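These protein sequence lines are chains A and B, in that order. Using the working numbering, the letters of the first sequence correspond one by one to residues 56 to 123. Using the working numbering, the letters of the second sequence correspond one by one to residues 29 to 209.
Because the hints were derived from the structure by calculation, they are not lab data. It should be emphasised that the depicted structure is a prediction, and the values quoted were computed from it without experimental measurement. Virtual Cβ for every residue (Gly too), placed ideally from N, Cα, C. Errors might be hidden in some of the hints.
What the hints assert, rightly or not - If the Cβ cut is set under 10 Å, some of the chain B residues that face chain A in the computed set are:
{"id": "1", "residue": "G39"}
{"id": "2", "residue": "P71"}
{"id": "3", "residue": "S128"}
{"id": "4", "residue": "S132"}
{"id": "5", "residue": "A148"}
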Amino acid sequence: MSSERQIADLTKRKNISRSYLRSLSPEAKIAQLINLQEQYYEMLSIRETNGGRPIPTKWKKWHVARHG
Amino acid sequence: MKKQIPSTKIGEVLSVLNEMRQAGIVDKYAIGGAFASILHNEPISTIDLDVFFFFEEKQSSLVFSLDSIYEFVKVYGFSFDHEFINIHGWLVQFIEASHSNLWSEAIEKAIVLVIDDRNAFVIDKEHLIAMWLFAGRAKDYQKIAMFVDANILDNEKLTNILERHDLLLTWESEKWRFMNE
């Protein structure tokens with residue numbers, strides 16, 4: 056497959072995926088947001104554990120609010 | 029059959045906002061920021077829920093005090109930390125909007141979405157774009173780009189808002205950031 060066709064194919068798949076996400080109900084979108092938040096916090100936590108930048112204060116506040 | 033979605037407790041947050049309104053703590057309010065972006069478009073990561081509002085009673089001081097809101101949530105047992113109030117696990121930020129014509133209009137023209145069987149007042153897409161354009165941060169332009177890319181804007185309505193709030197020139201000069209032309 057040529058690189059142009061590959062890009063066109065990837066763009067098409069990205070648009071289908073984004074169109075699906077837009078079509079979700081508000082409740083389902085909010086559930087997705089919570090998943091994103093949990094994943095992002097985990098990523099920040101792993102970064103800190105491995106000597107990278109500390110978890111930003113705002114995200115620490117989010118973690119306390121969500122998990123106590 | 030409706031697909032079962034795990035409880036996000038957002039319905040409880042909306043109930044608190046609506047009770048705050050009934051108690052006369054706030055007048056009108058509307059959800060804005062990234063949370064509103066999610067409701068109109070697709071999920072993106074954000075930590076807080078921005079609530080733009082007017083006070084029921086006009087404040088005499090030049091500096092707005094959120095004391096009445098803090099007193100109200102204290103009664104419910106919700107904690108707060110600087111700008112955020114933790115309502116059922118959500119970090120809610122209250123932003124008084126009366127000083128800005130654009131923000132005030134955005135609240136007045138908010139749409140109503142039904143979420144978890146409660147009414148939620150949400151700033152419409154075109155006012156969100158104008159507010160982000162005015163704020164002009166990188167993350168605001170990213171959200172504008174997502175809306176433009178999704179082709180979900182009413183361009184006539186957007187132009188009208190931008191024109192009335194003196195943002196049309198800013199749009200023209202900055203649109204290269206979020207439009208593929």
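Against the structure, the hints:
no. : hint : result
1   : G39  : holds, 9 Å
2   : P71  : holds, 4 Å
3   : S128 : violated, 24 Å
4   : S132 : violated, 25 Å
5   : A148 : holds, 8 Å
Checked against the numbered hints listed earlier, the structure breaks hints 3 and 4; every other hint is satisfied.
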